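Residue numbers (this note's numbering), protein chains in the order written: chain A, 3 to 662; chain B, 13 to 162.
Keep in mind that the hints were calculated from the coordinates and are not lab data.
Fair warning: this is a prediction, and the values are worked out from it, not measured in the lab.
Heads up, the beta-carbon is just placed ideally off N, CA and C, and yes, glycines get one too.
Treat the hints with caution; some may be incorrect.
As the list claims (entries may be wrong) - Covered stretches of chain A, as calculated for chain B (at least 3 residues, CB under 8 Å):
no. : region
1   : 566-578
2   : 600-613
What the hints assert, rightly or not - Chain B regions said to be covered by chain A (calculated; three or more residues, Cβ under 8 Å):
no. : region
3   : 45-55
4   : 141-152
Next come the chains, spelled out residue by residue.
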Amino acid sequence: MAEADFAADAEHSAERKSDRVTIGERYVIEMTHALPELAGCPACVAHDTLSAHSGVIALAPDAFHPVRPNAQKMARIRSPHLLTVHALDEATGSVWLICDAPPGPALTENSNWSEAAVLERVIEPIAAALHTYKESGFTHRAIRPDNVFDPGGRFSVRLGPGLATPPAIFQPDRFEALSSVVCAPATRGNGTIADDVFSLGALAAWLLGGGKPYGSEQPGALTEERMAKGSFTVLAGHLSLSPDVMSLLAAMLSDDPSARPAPRDLLNAADRKGFVARRQVVASMPVQLGPVRVRTARELAWHATRYQTEFTGLFRRGVVERWLSHELGLTQVASRLSVIAKEGAVSADSSLSPYSMMEIIAVLDPFLPMFWDGLWFWPDAIGTLAVAAASEASAFPVDPATAIVAITQGGKLARFAQLSGVEGQVAACQQVQLATRQATIEGPSDVIRLAYLLNPYQACLSSRCVEKRFSTAWALLQWLNAGENVDKPGVSGLLDPYMMTFLFACSHRNGLIEYFDDIAARDNSPWASDLRILAKLQHLYATGPLSGIARQLLPHLSPSLKQWRSRTMRTRRGEDLATAADTGDLIKMFELLNDIKALAKDREAWLAAKREARTLELQQASLTPQSTDVPPKLRAEMFRVATAFGAVTAIASLCLEIVL
Amino acid sequence: MTSLVRRGQPMKWTHGLVCGAALAWLPAYSLLIGVLFLPLVIAYFTDTSRNQDMVRMMLPYEFAALIHPLHILWNDEGSLNTTISLLLNPMTSVVGWLSAGAGWFVLEMTLISAKLIRQYQTRSKKAEIAARLKEIHEEWTENPGMPEAS
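Take the sequences, apply the hints, and build the full model.
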């Protein structure tokens, strides 16, 4: 597969140079011609080569705000009131969306709306689109004035795409339900269709209120008021509208998601059929929690997280349970709380554990998100949260990465799913748990793996290539091979942790590895471990020669060569390594450096040489000048030799005497 | 005397008797031998080594030098006059005495040559070891400036 990709990309390169990309052999994207953002997503000019008149634009979701994990399926949703997404393509190595061009200006630029117009041209068409979403099992989560477009005249508005960015990440607070507002934008999650209905209601209320700019509103500014008075009162209470529309908005803006109408009920909203907003149970006697007087269970849950010490006091004394059962009639909730109180009493200290707190909040209001140690989030947003943890961790009250590690351990998610009243939480929590197991999360540094694992379109988050938006492993490998990798100070090695995790996740997604740790291993140098990983990827993806990468790695592998103690061996391996690098064979390079048998042999030879050297040194030390002295034994021998020689002389002398 | 005591073998009185008898019956021979063996007598008393190796070693050389004068004396039937004339001839006594020196010289030569041979052997062995050590060192020490393939 990947070989074909590499070959295909060589053809692409000519096009890439001229900043034109062809998608699906049909859409041509002019990368240099940028358009204003659509739905918070950067956009470019695009042409449809098959039908010149259809206006399309290309969306390029940036790495920190990737398209939603199930974007491919969501893109198939068709509705006349929705900007159609024609293609979602990764063939160029990064995600491109081809989407209908907006038919007119966004609603932010048009502020004159009558009740009838809102009902007929906004609520009904968007409700129809939402109905399609609901039927397909998805949520839109990006209904806000700058993502709804007005073609003008009597035409219905058209809703922009909801799949191009993480759910609700760019939603201003006033267009989000309370269960979503309490979370940071990155942790809002997919939500339910009821959240979309709320956004639609909030959009209608905003239009009817004259469309005042909301950009200056501080996040969280309205939350306390909305908690106390209800969202409808705060967002639409001041409007003077007909009673029918008021009751419609009251139902849509209800803080209880189960009380909001379904999109189907809104298809004929213009007929002004009576909507009855269910009234929330409000206590006549408030309970004093720190500086605030609390009247509802939801309010209590929210304030409990803000004034934890005061709440713990009330909870331990049983005030909360009594108030819930006497004032609100929530006897069931009260009895469940007493169970938690008994369990918590076992590990009694002054404050409640995060786990007990999480349970208490979920029992008090099952429609609120999970609360863990100062952090509100929906479990299905953990992937987005992991991205946010990498890019803007300081925006959170606690370190998100540490929190994610704590959350994913010990069945906390399963417990929340059990307590939550929002549908789909069990599946979402199971999915996160499965991903956690596969990603082998052991510490905060591993959390980023979840981002890639939970969203297949998550682009590589490495600061070196984040603007390239690589969402496929081969694209990143090719970029690395082209040598465009810029060395950042403080980062050693060819791959930084983000790239490594990205490559792991890609191979996991392609079914090449099952667990992250399958190809990870600790080496003494980052370059050596890069080689290990890249060699495995070269093998797994069958990419063919990667001489660019090999050449970049080669100069940094000399420390690894040092593990060979023999100089001859080192030189030979170095030469072999260079040859392998020239041919771009990372696997060969890796094998050359990690030949365990040869290493053992080398070590044995080294030990033998060491022994020999020691023996030789001992011998050398024993060869002192004294040892050249004649030993007594030899000296006696010499005496005997001299004596014998004397005897011979004597005999010779005797013979001479006789002869002469 | 110390050397005799050390040997644990005091000169027996029989030696004196033999010397006396020799002087009485063969005065010419005894005189000739006595004079020519003078270096041996001196060596006997001055050599401090344990078993008089030096004397024993010199003995055959002395014999070699003694054979010719003894032959002449034998031919003249052992007359004292011949002995005196032989002893008065400087050649006889000088050769006799030098022969003892020759013995010593031969010994020293062998000792020196042995020493030289050993020295040569040690030196070559040392060089061999040093060469091997250098080889091992070069082969097995970490070399930061290893050839880098490029």
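Verification of the hints:
With a threshold of 8 Å between beta carbons, the proposed coverage of the region 566-578 of chain A by chain B holds, since 8 of its residues qualify and at least three are required. Under the rule that three or more residues need a Cβ within less than 8 Å of chain B, the assignment of the region 600-613 of chain A holds, with 3 such residues. With 0 residues having a Cβ less than 8 Å from any Cβ of chain A, the region 45-55 of chain B misses the three-residue criterion, and the hint is violated. Residue count for the region 141-152 of chain B with a Cβ under 8 Å from a Cβ of chain A: 9. That meets the three needed, and the coverage hint holds.
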